[in-house]
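K.L.:
Given the sequences, and given the hints that come with them, work out the whole structure.
Taken in order, these protein sequences are the chains called A and B. For the first sequence, counting from 1, position 113 maps to 129 in the working numbering; every step adds exactly one. For the second sequence, counting from 1, position 135 maps to 151 in the working numbering; every step adds exactly one.
Among these hints, one or two may not hold up.
If several chains are the same, the list does not tell them apart, and a pair holds so long as it fits within one copy or across any two.
The calculated lysine to any residue pairs, modelled on SDA-like cross-linking and capped at a C-alpha distance of 25 Å, are [as the list claims (entries may be wrong)]:
no., residue 1, residue 2
1, K126, E181
2, K274, G148
3, K274, D139
4, K274, E264
5, K251, T141
6, K126, P68
7, K274, V154
8, K251, K274
9, K251, F64
10, K274, H147
11, K126, Q351
12, K274, T141
13, K274, N140
Since the hints were made in silico from the structure, they are not lab data.
Number of protein chains: 2
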Amino acid sequence: MRPDAKAASNNALGLLRPVKGEEGAIDAIGSEGDMRATVIHGPRDVRFEEWPEPRIVEPTDAIIRIAAACVCGSDLWPYRGLQPLNGATPMGHEYCGFVEDVGGDVRNVKPGQFVVGSFASSDNTCAHCQHGYQSSCVHREFLSGAQAPYFRVPLADGTLVPTPERPDDSMIPALLTASDVLGTGWFAADAANVRPGATVVVVGDGAVGLLGVLSARQMGAERIIAMSRHPSRQKLAREFGATDIVAERGEEGAARIKELTGGIGADSVLECVGTQDAMLQSIAAARPGGAVGFVGVPHGVSIDGAGLFFAHVRLHGGPAPVRRYLPHLIDLVLQGAIDPGRVFDLVLPLEQVAEGYAAMDDRRAIKALLQP
Amino acid sequence: MRPDAKAASNNALGLLRPVKGEEGAIDAIGSEGDMRATVIHGPRDVRFEEWPEPRIVEPTDAIIRIAAACVCGSDLWPYRGLQPLNGATPMGHEYCGFVEDVGGDVRNVKPGQFVVGSFASSDNTCAHCQHGYQSSCVHREFLSGAQAPYFRVPLADGTLVPTPERPDDSMIPALLTASDVLGTGWFAADAANVRPGATVVVVGDGAVGLLGVLSARQMGAERIIAMSRHPSRQKLAREFGATDIVAERGEEGAARIKELTGGIGADSVLECVGTQDAMLQSIAAARPGGAVGFVGVPHGVSIDGAGLFFAHVRLHGGPAPVRRYLPHLIDLVLQGAIDPGRVFDLVLPLEQVAEGYAAMDDRRAIKALLQP
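P.N.:
See below:
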């Protein structure tokens, strides 16, 4: 255990709060055992309101005091009414912060440590985990409720990765991205088989797509074509390593990719949207034997078997096995090799979370960071 | 050029005929320039009838005197009326034999050589060919007309592979399989990422599936589960290397695979059918991170994007790039390492080709070899 000596004294970014024992009520309006957290009630109805503070339920749980959370592109599916809700639902699954409390069976993380965790819990021991597919762990839960001051993480030993020491506050946005958006962009590139020297296309200029550009660059891609029609996103894509920008979409977009690649198509295509158009565009942009890594949660996507057969394109996707990549991604961030935190172009106090959703929905913001 | 010295004297299997100059009319009922060949006119209407004898058209062509041809599982799609026909169509795309004549630009093969070729022509020089996807060559043609005494092969230099010397007649059935059915089973295993020690499932007990079993075995798979309910095919599957047989199909079949693999699923699944049921069964049989190689030409197959996403399964298929594998497969056959010719359980004179189709359609035969 590394005592978190600086925690109480360093509150520069508002990312840190005293440990629970040192404070009185957690929130001015919260009654004992309650906090305020982000809850969605229906389309475009996100509220920051009272919600029970999480407690240890299983001996394998940990409670995290959130240093920073954020709004995920996938949070916009229910926000836009495109994914059914089952009543009021606490939101948020991207998180990093300090271990506040652990259950009796937790061995790998200790109170006071700074941790980053996957959006999906995993025991990290089952056969799927051992194969590197922790997001299909036999004990997987898709977590929710991290847009809050405190967050319960099941299977803490297999889900959380502690940093070697307490990171500087300036690193927190970048470390936060490893929890999902960076890990997902990285998986898209990995699933699309990006290799040194590869020609890569990235479909989708959201935060996942932009970090897909960064990931492909890290993996040694020589040419990275970002498909985007938004000047600010095009700019960040270039800064992350994109060598070309294509503004056209659909068939026109695929034709432009063929043109840019001498009629051949791309070695690797990262599908970071989740719509039918994006999937078809991605398959059409890849060369025979090339690969599409798809990480946008598919909504209404159907792939014609004969079309895929004659395209000769490889397809691999799913919920990113972030836990597999976390140690490496944390290292890259702490070494200063990458700065994925630049996808956050809006920083809000947690209580203004609804504005974070609205800004991302309107595409006024690429990604909103939330500070408890 | 290796002179085909033994050709005229060795006719033991009826596989060889004198070179054209030595015979009078090619066929008793053929007029000059005609031969009899296999032509499909409609569902279940396969005729062996007069058809123009092929001639060199392009300077890159070769004319092959067929030593043996056969009926492909994919020939049954139009035979069963499941694939539209555009008038009378010469059939057959699996072939090996002697080079009879070549165009002026052909450099790699010479008259008299014994050659095996892919069912798809390729220049073997374009970017797709260089990436190993010769069956998506920019100059690809899907060949047809090999169930005949003579066959025109375009792009001979990039499509045909000569054997080091004239093979023994006993090798001809095995060499013939390399032209498509073995190469396709091999691609299924390769696309399904079969590795030493892997657990493999093969869906489909036709000749492609059976040779998928053989291929997986050659690639070092430890466990090979063949899905088959036909005793004779089960037996051949075991002889080719299957360790387990599963007779159940669909959801029941996938459940049995899960049971046999300790709840995990297979590393690699070879989909060798081309129907919706087979595709769903294949995806369901694979573990997260596992791969499905699909080589059955999809007929009415549609893959749900969200289902594939949460299955976490890799998908790769298409027309097998046989040309990539031909040199290796020919070597394996000539070394006696494999005997894929055992899939032929019916040998017919070419003129009885209609019976070959009928026997395969009724599943009385696994695969019919045709001798001109």
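K.L.:
Give a verdict on every hint.
P.N.:
Hint check:
Taking identical chains as interchangeable, the C-alpha atoms of K126 and E181 lie at most 25 Å apart only when both belong to the same chain, with a minimum of 12 Å there against 71 Å between chains. Taking the shortest alpha-carbon separations for K274 and G148, only the inter-copy value of 19 Å comes in at or below 25 Å, while the best intra-copy value is 33 Å. Taking identical chains as interchangeable, the C-alpha atoms of K274 and D139 lie at most 25 Å apart only when they sit on different chains, with a minimum of 20 Å there against 43 Å within one chain. For the homomeric pair K274 and E264, the shortest alpha-carbon distance inside one copy (12 Å) is at most 25 Å, but the shortest distance between copies (44 Å) is not.
With identical chains, the CA atoms of K251 and T141 are never at most 25 Å apart, being 41 Å at best within one copy and 38 Å at best between copies. Taking identical chains as interchangeable, the C-alpha atoms of K126 and P68 lie at most 25 Å apart only when both belong to the same chain, with a minimum of 23 Å there against 82 Å between chains. Taking the shortest Cα distances, K274 and V154 sit within 25 Å of each other only across copies (13 Å), while inside one copy they are farther apart (41 Å). For a Cα distance limit of 25 Å, the shortest separation of K251 from K274 inside one copy, 23 Å, qualifies, whereas the shortest one across copies, 48 Å, does not.
Proximity of K251 to F64 under the C-alpha cut-off of 25 Å is found in neither arrangement, the shortest distances being 33 Å within a copy and 66 Å between copies. With identical chains, the CA atoms of K274 and H147 are at most 25 Å apart between copies only, with a shortest distance of 16 Å across copies and 35 Å within one. Only within a single protomer do K126 and Q351 lie at most 25 Å apart by alpha-carbon distance; the minimum there is 24 Å, versus 61 Å between protomers. With identical chains, the CA atoms of K274 and T141 are at most 25 Å apart between copies only, with a shortest distance of 19 Å across copies and 43 Å within one.
For the identical chains of this complex, K274 and N140 are inter-copy neighbours only, at 20 Å across copies versus 41 Å inside a copy, given an alpha-carbon limit of 25 Å.
The structure fails to meet hints 5 and 9 from the earlier list, while all remaining hints are met.
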